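If you read the sequences in order, they're chains Y and F. Taking my numbering, I'd label the letters of the first sequence as residues 62 to 656. Taking my numbering, I'd label the letters of the second sequence as residues 62 to 656.
In short, the hints are calculated from the structure, not lab data. Worth double-checking, as some hints may not be accurate.
When chains are identical, the list treats them as one kind, so a pair holds in a single copy or across two.
[Claimed, not checked] SDA-like cross-link-like pairs, simulated, lysine to any residue; straight-line CA separation at most 25 Å: (1) Lys244 x Gly295; (2) Lys76 x Asp478; (3) Lys202 x Thr600; (4) Lys650 x Leu602; (5) Lys212 x His430; (6) Lys244 x Thr193; (7) Lys652 x Ser604; (8) Lys638 x Met94; (9) Lys439 x Asp104; (10) Lys134 x His558; (11) Lys539 x Ala634; (12) Lys539 x Phe79; (13) Lys138 x Pro337.
Predicted, not measured: the structure shown is a model, and the values here were computed from it.
Number of protein chains: 2
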Amino acid sequence: MEHNKFLLQEVHPVKDIFSLPRYSHLNWEESWMMIESAKSLADRDMAPYFKEMDAQPAHYDGNGGVKTHPQLKTIIKQAAENGWIGGGAKFKDGGMQLPMMIYNTAQHIFMSANNSSQGYFSLSAGSAALITSFGTEEQIKTFVPNIFAGKWQGTMALTEPQAGSSLTDITTSAKSSGDGFYKIKGQKIFISGGQHEACDNFVHLTLARIEGAPAGTKGISLFIIPKFWPEKDGSLTPNDVFCAGDFQKMGQRGYCTTHLVFGDKESCRGWLVGEPHKGLSYMFQMMNEARISVGLVAASVAMAAYQASLQYASERPQGRLASEKDPVKAPTLIINHPDVQRMLLTQKAIAEGALALTMECNRLSDLVHATEGEERQKHLLLLELLTPIVKTYSSEQGSRSAALAIQVLGGYGFTMDFPVQQHYRDLKIMSLYEGTTGIQSIDLLGRKVVMEKGKALFILLQEIQETINRAAVYDPLKKYGNELAEEVVRIQQVLKHLSAFAQQGDIDRYLSDATVFLEQFSYVVIAWQWLKQAVVAYTSLQSGNFQNQRQDFYEGKIHTMKFFFRYELPHAAACAKTLMDAEYLTSVKRKEVFH
Amino acid sequence: MEHNKFLLQEVHPVKDIFSLPRYSHLNWEESWMMIESAKSLADRDMAPYFKEMDAQPAHYDGNGGVKTHPQLKTIIKQAAENGWIGGGAKFKDGGMQLPMMIYNTAQHIFMSANNSSQGYFSLSAGSAALITSFGTEEQIKTFVPNIFAGKWQGTMALTEPQAGSSLTDITTSAKSSGDGFYKIKGQKIFISGGQHEACDNFVHLTLARIEGAPAGTKGISLFIIPKFWPEKDGSLTPNDVFCAGDFQKMGQRGYCTTHLVFGDKESCRGWLVGEPHKGLSYMFQMMNEARISVGLVAASVAMAAYQASLQYASERPQGRLASEKDPVKAPTLIINHPDVQRMLLTQKAIAEGALALTMECNRLSDLVHATEGEERQKHLLLLELLTPIVKTYSSEQGSRSAALAIQVLGGYGFTMDFPVQQHYRDLKIMSLYEGTTGIQSIDLLGRKVVMEKGKALFILLQEIQETINRAAVYDPLKKYGNELAEEVVRIQQVLKHLSAFAQQGDIDRYLSDATVFLEQFSYVVIAWQWLKQAVVAYTSLQSGNFQNQRQDFYEGKIHTMKFFFRYELPHAAACAKTLMDAEYLTSVKRKEVFH
Chain Y
62 MEHNKFLLQE VHPVKDIFSL PRYSHLNWEE SWMMIESAKS LADRDMAPYF KEMDAQPAHY
122 DGNGGVKTHP QLKTIIKQAA ENGWIGGGAK FKDGGMQLPM MIYNTAQHIF MSANNSSQGY
182 FSLSAGSAAL ITSFGTEEQI KTFVPNIFAG KWQGTMALTE PQAGSSLTDI TTSAKSSGDG
242 FYKIKGQKIF ISGGQHEACD NFVHLTLARI EGAPAGTKGI SLFIIPKFWP EKDGSLTPND
302 VFCAGDFQKM GQRGYCTTHL VFGDKESCRG WLVGEPHKGL SYMFQMMNEA RISVGLVAAS
362 VAMAAYQASL QYASERPQGR LASEKDPVKA PTLIINHPDV QRMLLTQKAI AEGALALTME
422 CNRLSDLVHA TEGEERQKHL LLLELLTPIV KTYSSEQGSR SAALAIQVLG GYGFTMDFPV
482 QQHYRDLKIM SLYEGTTGIQ SIDLLGRKVV MEKGKALFIL LQEIQETINR AAVYDPLKKY
542 GNELAEEVVR IQQVLKHLSA FAQQGDIDRY LSDATVFLEQ FSYVVIAWQW LKQAVVAYTS
602 LQSGNFQNQR QDFYEGKIHT MKFFFRYELP HAAACAKTLM DAEYLTSVKR KEVFH
Chain F
62 MEHNKFLLQE VHPVKDIFSL PRYSHLNWEE SWMMIESAKS LADRDMAPYF KEMDAQPAHY
122 DGNGGVKTHP QLKTIIKQAA ENGWIGGGAK FKDGGMQLPM MIYNTAQHIF MSANNSSQGY
182 FSLSAGSAAL ITSFGTEEQI KTFVPNIFAG KWQGTMALTE PQAGSSLTDI TTSAKSSGDG
242 FYKIKGQKIF ISGGQHEACD NFVHLTLARI EGAPAGTKGI SLFIIPKFWP EKDGSLTPND
302 VFCAGDFQKM GQRGYCTTHL VFGDKESCRG WLVGEPHKGL SYMFQMMNEA RISVGLVAAS
362 VAMAAYQASL QYASERPQGR LASEKDPVKA PTLIINHPDV QRMLLTQKAI AEGALALTME
422 CNRLSDLVHA TEGEERQKHL LLLELLTPIV KTYSSEQGSR SAALAIQVLG GYGFTMDFPV
482 QQHYRDLKIM SLYEGTTGIQ SIDLLGRKVV MEKGKALFIL LQEIQETINR AAVYDPLKKY
542 GNELAEEVVR IQQVLKHLSA FAQQGDIDRY LSDATVFLEQ FSYVVIAWQW LKQAVVAYTS
602 LQSGNFQNQR QDFYEGKIHT MKFFFRYELP HAAACAKTLM DAEYLTSVKR KEVFH
């Protein structure tokens, strides 16, 4: 909670957001009370079921249904009643018009406590946001209040068995039935929350192709396909949506992952959202928020693993420092071993660095919602640039972080008696959800870096420079600012090197190492977030004005910034070396060389 | 199998080992037939149960027993009958006097197929080796034949709940009962194979402290403590060894991990092995082999994950290259995507690099067993230096490799329908077994690098230089040799920098970043193994003498060498940057800064 307060009050001041008309109904005290009540909810209704929901995973009942943990109903109900499904929506849509900075701080708390269960209501919130953004008044009225109330589950249905990440190739079809609706036929897999016991109805936001639509992504439309169709008289009629299975997974086992079949009996109706063939662009509004959300889940679970390993290290006596030769001396707490400190600080650097970046994204998201014109565009560009980073850094490095949590506990960490192994298992899906790491990397290098002639990148570099300038004021921070500036130059060198391929028309080669580029870029972006935190912490220490925090807390931030620069940032140069190399090794034609 | 043949025939020629008197009873054809029969055994009796043994994990029966998969009995029996428990032992001890190069190639095949079940008989082999090395004729006669026959399970019992990695602090006690035996009392945890249904008796090689022994590791003795005591008349008497539980784990779920209680009824007898107070040094003979074995398991499981993801990538059509804009064109196989090639080559570089190093260690181990005097000492020193590397590189990078296998499969990789998630879960324990990564790193930097005034390091650097010299003959390989030489210099610079702390008596600081040093060192050692493989492959390609391999196979080796140098090796310099930094960040005294 201390870290959340630090982010909201000092690093990315939420009071600036409250000063915007859209959010002027809020103040700090009230918002913090909401967050504290979210913490109570998480502690009472979610955390105690974290392990159970893994040990008794969601599973198919053999006949269209998915068995879930009985507590799930309570969790979704509590979340709904406390505004944590619809809270981010506008007043006019039945929401509380909360800024993402507040809303997602609460979600972070839920994710840290029990990420499987948070998935259900967070997904509902995203689906409802899609309807309120692009749906008709009637669609909004029909579906959104029930989703916000936690009675109906919203989902997003994109993936198909044969297409995977390649949305170009989806084949689910839609045929106008003349009455304003469409007849749907097709199959979707990996549909989170697609069917379970805690909700009465399921509202599937589904991508499908209208008969005669253009090939590729330009022919995809968005439909609302409820499991039960809400008739005008308020009754619900079965809509030929059949759940054919629930994938069993190595983690996030409390969160069902279903296989849906639409129109097996030729009687599945879908309701078109917005205009035909624009489905993918609508879906991407939700998708972009979902990507930030996945980054936040990953950072939150890594944070939970960090906290668990920190607690263990603070309580477990074992071994002696290398300088202590006397075997009769009592063992020391393992937190005193340098290698354990290294593992703890690595986790802190990753988890808190990722959380700081998530909060930066939340802030930008709020600014996008509350500003207009050129200013809005600037925030939007920066947000779009940071989205693949926050999603991928948090998930890839979050997994590494949770591995270190296990390592701190030694053999115990690998047993089901401690939560860190579950964090590790849960985390692994984050690099796959909502666009794999490979997809995110191509998005970054192929689209975000070059959009509007590199304007987003220009804005980011300006922001980074501003932080470097602020650090330069303080002697002890100045050198870190200089190091960051060097890494910024290195990114520009790499981009110059890669751009030559794009200019020659070799787009495959330009993008071939996009993942390595994203890794390099991420180190720099997270270093920026750490320097930002350190400047704030140093300022507070200098002023003697500790606000809500302890002196140790601020010193911990500066220490962890130094740690990140010393242990993590050097790998950015290693990535650059790979990227600048003249050889092209990932365009092998004869596949036999892999064997 | 192709890769195994390449290692045994070309990279580390086993025929040189067959020329030594100890192994002169063997030849290539016969040895390879044994390996092929091991492959049949693995395919028939082990691989088909890989998934089942995970889905129905070993578990405590509530009353001293552990339920295991029914197939386990067959597997142990088959392994025993085919010589894969006792095969490495000398003829005089009932073995087949196989070199480790052959024996461990077979074990690698078993580990790739079903690592949980291989653990049982591999552990038995290690326990028996300990008895044959340090036990009396009577002890050998009493226990070893039954272990080799697969009837009795050997185990190693070191860890205690309060001591973990710190063997200094073990408290299990032994009191002479005057009849040549000792009365044992204490508890051990994390005892693999400690109790199960597939064997009739359990022979626990146990560390304990004789009454009045010196404190610390100098007062630890080694005992044989069977579950049932073999009486002179051949009967078995219960020996007050109680299994109090079986830890449930996130991986290797088919391999039981027990909690043993010795002497709860004051009637547990132990049989001292060798001299009192020398137990730890005896145990370390087994431990060193166990560490290499853990490295081999990790590399083997990573290899299995690689193969599974390679097969998927070769069969799954999805998406199009970035340069292909036509959505109507058929999707390409995912192996054609550069990012998928990057993930596959990273896995190949890690798994085959680690396997090559394991084979180097097997070769050294065979030379240690078959030579004498100064020559033996030289092989031993190099083996000791490489042991923490092979154990740690394989386990840490193996986990990363298996994560990439999941990633290649996308969402499917996270489901229980594919084996890669099990490989990923199984692998995580390898960085904990037989000394955690932190312990291995301190062993490397605190002991191995400095022993005999750095002689082991000197020998290694000579070996590396020899490989560089061989590469220099071929123009296309020369530059990689030069790069490797640069990295060797960097290691020496780091050691010079760190040594200053040791010389000042600050041993804590000298060792504080041992793990980062081990990481740097590992990149260099694996680069050496890759260059070695590339030189051999290039030589064969030049000569047109392809022996048993395909041209593509050799080209794949050279290609993967280049990949390792381009994508992995640059991170060695990043580690060096961390290690050379002036700041000391892992000696935090006020623990509040972690919060």
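Results for each hint:
1. Taking the closest pair of Cα atoms, lysine 244 and glycine 295 come within 25 Å of each other only inside a single copy of the chain (21 Å); across copies the shortest separation is 79 Å, beyond that limit.
2. With identical chains, the CA atoms of lysine 76 and aspartate 478 are never at most 25 Å apart, being 42 Å at best within one copy and 49 Å at best between copies.
3. Taking the shortest alpha-carbon separations for lysine 202 and threonine 600, neither the intra-copy value of 49 Å nor the inter-copy value of 74 Å comes in at or below 25 Å.
4. In this homomeric assembly, lysine 650 and leucine 602 come within 25 Å of each other (Cα to Cα) only across copies, at 19 Å, whereas the closest approach inside a single copy is 59 Å.
5. With identical chains, the CA atoms of lysine 212 and histidine 430 are never at most 25 Å apart, being 27 Å at best within one copy and 71 Å at best between copies.
6. In the homo-oligomer, the alpha carbons of lysine 244 and threonine 193 lie at most 25 Å apart inside one protomer (23 Å), although the nearest pairing across protomers, at 76 Å, exceeds that limit.
7. Taking CA atoms no more than 25 Å apart as the test, lysine 652 paired with serine 604 passes between copies only; the shortest distance there is 23 Å, against 63 Å inside one copy.
8. Neither within a single protomer nor between protomers do lysine 638 and methionine 94 lie at most 25 Å apart by alpha-carbon distance, with minima of 49 Å and 45 Å respectively.
9. Taking CA atoms no more than 25 Å apart as the test, lysine 439 paired with aspartate 104 passes in neither setting, with 39 Å inside one copy and 60 Å between copies.
10. Proximity of lysine 134 to histidine 558 under the C-alpha cut-off of 25 Å is found in neither arrangement, the shortest distances being 54 Å within a copy and 60 Å between copies.
11. Proximity of lysine 539 to alanine 634 under the C-alpha cut-off of 25 Å is found in both arrangements, the shortest distances being 20 Å within a copy and 24 Å between copies.
12. Proximity of lysine 539 to phenylalanine 79 under the C-alpha cut-off of 25 Å is found in neither arrangement, the shortest distances being 32 Å within a copy and 63 Å between copies.
13. For a Cα distance limit of 25 Å, the shortest separation of lysine 138 from proline 337 qualifies neither inside one copy, at 35 Å, nor across copies, at 65 Å.
When held up to the earlier numbered hints, the structure conflicts with 2, 3, 5, 8, 9, 10, 12, 13 and fits the remainder.
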